[in-house]
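> I would like the entire structure built from these sequences, with the hints used as guidance.
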Amino acid sequence: MTDAAVATSAGRLRDTALGQQELAARLDRLWGTPRGILGWLTTVDHKVIGRRYIATAFFFLCIGGLSAIAMRLQLAKPESRLIDADLYNQLFTMHGSNMMFLFAVPVMEAFAVYFVPLMVGTRNIAFPRLNAFSYWVYLSGGIFLWTSFFLGEGPDVGWFAYAPLTEQQYSPTHRPDVWAQMITFTEVSALAVSVEIIVTVFKQRAPGMTLDRIPVFVWSMLVTSFLVFFAMPAIMLASTSLILDRLVGTQFFVSGTGGDVLLWQHLFWFFGHPEVYIIFLPGTGMVSMIVAAFARRPIVGYLPVVLSLIATGFLSFGLWVHHMFATGLPQMGASFFTASSMLIAVPSGIQIFCWLATLWDGKPVIRTPLLFVLGFVVIFVIGGMTGVMVASVPLDTQVHDTYFVVAHFHYVLIGGAVFPLIGAVYYWFPKICGRMMDERLGRWNFWLAFVGFNLAFFPMHILGLQGMPRRVYTYQPEMGWGGLNLTATVGALILFASFVLLLWNAVRSTRHGVAAPDNPWDAGTLEWATSSPPPPYNFARIPVVTHREPLWAERDELPVAHGLSVERREVLVSTITEARPEIRQASPEPSIWPLLTAIVVGIFFLGSIFTPWAVVWGTPPIAVALVGWFWPKGSREDET
Amino acid sequence: MRERLAQDVSGLPTWAFESKSTPWWGTLGFMAIEGMGFALAVGMWLYLAAVNPQWPLGPPPATLWPGITLTALLVLSLVPNWWCNRMALRQDLRSVQIGLVVMSIIGLVAVALRGFEIAYLNFRWDVDAYGSIVWLIIGLHTTHIVTDVGDTIVLAVLMFTRHARPRRFSDVTDNVFYWVFVVVTWPPLYLLIYWAPRWMG
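These protein sequence lines are chains S and G, in that order.
Count the first sequence with the working numbering and you get residues 1 to 640, in order.
Count the second sequence with the working numbering and you get residues 1001 to 1201, in order.
Among the hints, a few may not be true.
[Claimed, not checked] Simulated DEER-style distance windows between Cβ atoms:
| id | chain 1 | residue 1 | chain 2 | residue 2 | range |
| --- | --- | --- | --- | --- | --- |
| 1 | G | V1051 | S | R81 | 40 to 50 angstroms |
| 2 | G | V1051 | S | T510 | 48 to 58 angstroms |
| 3 | G | R1165 | S | P304 | 14 to 24 angstroms |
| 4 | S | M389 | G | V1180 | 42 to 52 angstroms |
| 5 | G | V1051 | S | V365 | 51 to 61 angstroms |
| 6 | G | W1195 | S | D84 | 49 to 59 angstroms |
| 7 | G | G1011 | S | G19 | 16 to 26 angstroms |
[To be verified] SDA-like cross-link-like pairs, simulated, lysine to any residue; straight-line CA separation at most 25 angstroms:
| id | chain 1 | residue 1 | chain 2 | residue 2 |
| --- | --- | --- | --- | --- |
| 8 | S | K633 | G | Q1091 |
| 9 | G | K1020 | G | A1072 |
| 10 | S | K77 | S | G158 |
| 11 | S | K633 | G | R1162 |
| 12 | S | K633 | G | P1023 |
| 13 | S | K633 | S | G158 |
| 14 | S | K633 | G | H1163 |
| 15 | S | K633 | G | V1157 |
| 16 | S | K633 | S | L130 |
| 17 | S | K77 | S | P477 |
| 18 | S | K633 | G | L1136 |
| 19 | S | K633 | G | W1015 |
| 20 | S | K633 | G | G1150 |
| 21 | G | K1020 | S | S565 |
| 22 | G | K1020 | S | E578 |
| 23 | G | K1020 | S | R568 |
| 24 | S | K77 | S | E578 |
| 25 | G | K1020 | S | W629 |
| 26 | G | K1020 | S | T210 |
| 27 | G | K1020 | S | F226 |
| 28 | S | K633 | G | A1039 |
[Stated by the list, open to error] Covered stretches of chain G, as calculated for chain S (at least 3 residues, CB under 8 angstroms):
| id | segment |
| --- | --- |
| 29 | 1017–1027 |
| 30 | 1035–1046 |
| 31 | 1133–1146 |
| 32 | 1172–1179 |
Keep in mind the hints are simulated off the structure, nothing from the lab.
Every residue gets a Cβ at the ideal spot worked out from N, C-alpha and C, and that includes glycine.
Here it is, written out as structure tokens:
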């Protein structure tokens, strides 16, 4: 009787007695995504869905970038006739909405969907079918927004869609509806992913990964997910109220009948300000990972860094009114929000000093990911300083709605999130694709991005101080803004070229890059413990964590847990603080229902732009789809 | 990388109740999101009350009896709900079946009473901002009642089939948990819809 047979006779076949090869073969069959179109549509593998998310988000970055280039070409000279006012209004609205809702938030969640399960040492994300559903809903929202644009119905009311401009009286077309319903699509998706991430981090950490051993990127995504929890309901409530005002005549934002236009601003910015940190905090998490790996030492001040993330999360809910200084506020209110806006610079500053200390005390190896981190520090610090400036009411009322603010938030968002993101692409590409990206192209990529970015956005500070307002499609020659605008346009083209180079590097490296070993950077966290790219089951056996940097603590052999089934998909569910395993829980198998549900939900959302009756005829199909989704199919996951 | 067998997990159970399992945490997560939605809707009501010199604006307050009846039903429903939870923890299938059928019936009655509540609001959503926010709040809560009743009915049916395996008892306790959320979110909304306008007006 073989060992495996003994294990079977005692119940289910477990991994304990199996050799590496047989175990890998069995797990491959068990966890692999089926081939063919059906396999493609039904997969629940977090890595497959994470890759889709990343690719889709970068596609939206690309077309969002093209819309920016179109605007910059229009503004390159005074009184240009390249783009008319109507198209320009749509372009800046599409650019902002696309970058915030279809690129920045989803791309960070995409990296989390791919890497959080690997970093915490589990085999799949919590609620894998919800994860699949979230992707399809996100994709539908993106297609919906851009299709509307190409049909001439692109939103033209700014990315924050202020009332009363968005009310039926001033915008009788469907353009604001498209904006509002795109919000619904993307927020449903983001909320779903946040639930998955929080539960994965709380309950699916590998044995021994106590709270103080959680990688900083995972912490950053945990805090971000909580921000999504409490910020995004505000925008969903706002956009729903707006649709109701427009569709069935509610009066939320209509002044004459007790409604209030500033209610919109409060709801929007109660979401909108935490949104900045929903984008920025994952960026800081990426920076912490890259800095530790390339400084060749653990991050200095793990505890202050994590506490800073949490403090930033809390404080981010106390500054939304600084977006509304120009609306006329009671002085006490203005003072409070000025103070809180300045206060949030403190935890960000603590993180920056921790990173600098890590680099100072380590032996930094300057590779492309670290270059992007260094670029991030420079750009973000400048953006942070102009942030402290506009936190002051007198200064803010002067530069409000000018290009100074455009410069400020691009320094914060591109500096704070996109530079770390590109660094993270270079850092984790080998893990995702199994090949290294080209280092020489990477350095070109960095310098083009750094020079292009500063050339594009630094002049906007001066343009703003000179009085150039935002959202104007042209200006007169006598204003004297032509030279700086031309400089900004040249910078934008260089920045765009840097992204073309990134794309070229990624595509070329996928085919011709040097094969990546499991841990090409000799980093310390668990995603590097498995092969590049990882197998469908992530880890043949679940690691047992003994240190914050497990791979640096256990260089020769990794302690692992054993005893999981090889006959059905199982993940370990553990306690929240100590990560002590408690259950071998079944993990869902592939299913078509998430896609079908996303389709009927999409039809419901689309229909409710045109008729309130969509709620009546749109609900039963959703109910049917959900029952189909949750009804047991007699598969192995339902057996116990 | 070489592996060293360090911890045997083969003796662990394959499912568990409440906070030991992931679906419970997922449910809690959605409660947090939806609870925030309720809190913000209440915030909208208070904001509109603060910026309008007169509040409620025009309409007479809603008729009391449907709201009182539904509130009483919801509060009383916590008893069979709690009993259902206890039976699920004991893995007593017959009792759980009875509990779920009872909760389904209570849920359907609650939906019907909600219909009366809406019919006796005495104003439409488009009359003014007061009408709009009251309809929004009651609509938001109705969505929760309807969703949970649907969920309870499906689960009740499931527990009469061959799929009523032990781990489904954990689903029953999660369903009980969600109904508690639906009930406890209601009293503040009830006070806001029925009594606050009477006290302020």
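> Could you run down the list of hints and mark each one as holding or not?
Right, here's what the structure says about each hint:
1. A C-beta distance of roughly 44 angstroms is found between V1051/G and R81/S, which places it inside the suggested range of 40 to 50 angstroms.
2. Roughly 56 angstroms separates the CB atoms of V1051/G and T510/S, a value that falls within the hinted 48 to 58 angstroms.
3. At roughly 48 angstroms, the beta carbons of R1165/G and P304/S sit outside the given window of 14 to 24 angstroms.
4. Roughly 49 angstroms separates the CB atoms of M389/S and V1180/G, a value that falls within the hinted 42 to 52 angstroms.
5. Hint check: V1051/G to V365/S, Cβ distance near 58 angstroms, so the stated range 51 to 61 angstroms holds.
6. Checked against the given bound of 49 to 59 angstroms, the beta carbons of W1195/G and D84/S, roughly 55 angstroms apart, stay inside it.
7. Restraint check, G1011/G to G19/S: a C-beta distance of roughly 22 angstroms satisfies the suggested window 16 to 26 angstroms.
8. For the given pair, K633/S sits about 22 angstroms from Q1091/G by alpha-carbon distance, which is consistent with the 25 angstroms threshold.
9. Of the pairs offered as hints, the one joining K1020/G and A1072/G is violated, with about 32 angstroms between alpha carbons and a cut-off of 25 angstroms exceeded.
10. Between K77/S and G158/S, the direct Cα distance comes to roughly 23 angstroms. Compliance with the 25 angstroms bound is thereby established for this hinted pair.
11. Only pairs whose Cα atoms come within 25 angstroms are accepted, and K633/S paired with R1162/G is accepted, the gap being roughly 11 angstroms.
12. Between K633/S and P1023/G the CA atoms are separated by roughly 18 angstroms; this keeps the pair inside 25 angstroms, and the hint holds.
13. Proposed proximity of K633/S and G158/S is contradicted: the alpha carbons are some 47 angstroms apart, above 25 angstroms.
14. Note on K633/S and H1163/G: the hinted pairing holds, with a Cα-Cα distance of about 9 angstroms set against a maximum of 25 angstroms.
15. Only pairs whose Cα atoms come within 25 angstroms are accepted, and K633/S paired with V1157/G is accepted, the gap being roughly 15 angstroms.
16. Taken as a hint, the K633/S and L130/S pair is honoured in the structure, with Cα atoms around 17 angstroms apart against an allowance of 25 angstroms.
17. With a C-alpha separation of about 8 angstroms, the suggested pair K77/S and P477/S falls inside the 25 angstroms cut-off, and the hint holds.
18. Between K633/S and L1136/G, the direct Cα distance comes to roughly 38 angstroms. Violation of the 25 angstroms bound is thereby established for this hinted pair.
19. Between the alpha carbons of K633/S and W1015/G the distance comes to roughly 18 angstroms, so the proposed pair stays at or under 25 angstroms and holds.
20. Our distance criterion of 25 angstroms between C-alpha atoms is met by K633/S and G1150/G, whose separation comes to about 20 angstroms.
21. Proximity of K1020/G to S565/S is assessed by CA-CA distance (about 20 angstroms); at most 25 angstroms being required, the pair is judged to hold.
22. Annotation: proposed proximity of K1020/G to E578/S holds, straight-line Cα distance about 13 angstroms (limit 25 angstroms).
23. A C-alpha spacing of about 20 angstroms is found between K1020/G and R568/S, which places the hinted pair at or below 25 angstroms, so the restraint holds.
24. Between K77/S and E578/S the CA atoms are separated by roughly 61 angstroms; this puts the pair beyond 25 angstroms, and the hint is violated.
25. A C-alpha spacing of about 23 angstroms is found between K1020/G and W629/S, which places the hinted pair at or below 25 angstroms, so the restraint holds.
26. For the proposed pair K1020/G and T210/S, the alpha carbon gap of about 16 angstroms is at most 25 angstroms, so the pair holds.
27. With a C-alpha separation of about 20 angstroms, the suggested pair K1020/G and F226/S falls inside the 25 angstroms cut-off, and the hint holds.
28. The suggested pairing of K633/S with A1039/G is violated, with an alpha-carbon distance near 38 angstroms, which exceeds 25 angstroms.
29. Figure legend: the segment 1017–1027 of chain G, annotated as covered by chain S; annotation consistent (5 residues with Cβ-Cβ distances under 8 angstroms, at least 3 required).
30. With 5 residues bearing a CB less than 8 angstroms from a CB of chain S, the segment 1035–1046 of chain G meets the requirement of three and the coverage assertion stands.
31. For the segment 1133–1146 of chain G, the stated coverage by chain S holds: 3 residues have a C-beta nearer than 8 angstroms to a C-beta of that chain, and at least 3 were required.
32. For a cut-off of 8 angstroms, the count of residues in the segment 1172–1179 of chain G with a CB near a CB of chain S stands at 0, and the three-residue condition is violated.
Checked against the numbered hints above, the structure breaks hints 3, 9, 13, 18, 24, 28, 32 and satisfies the rest.
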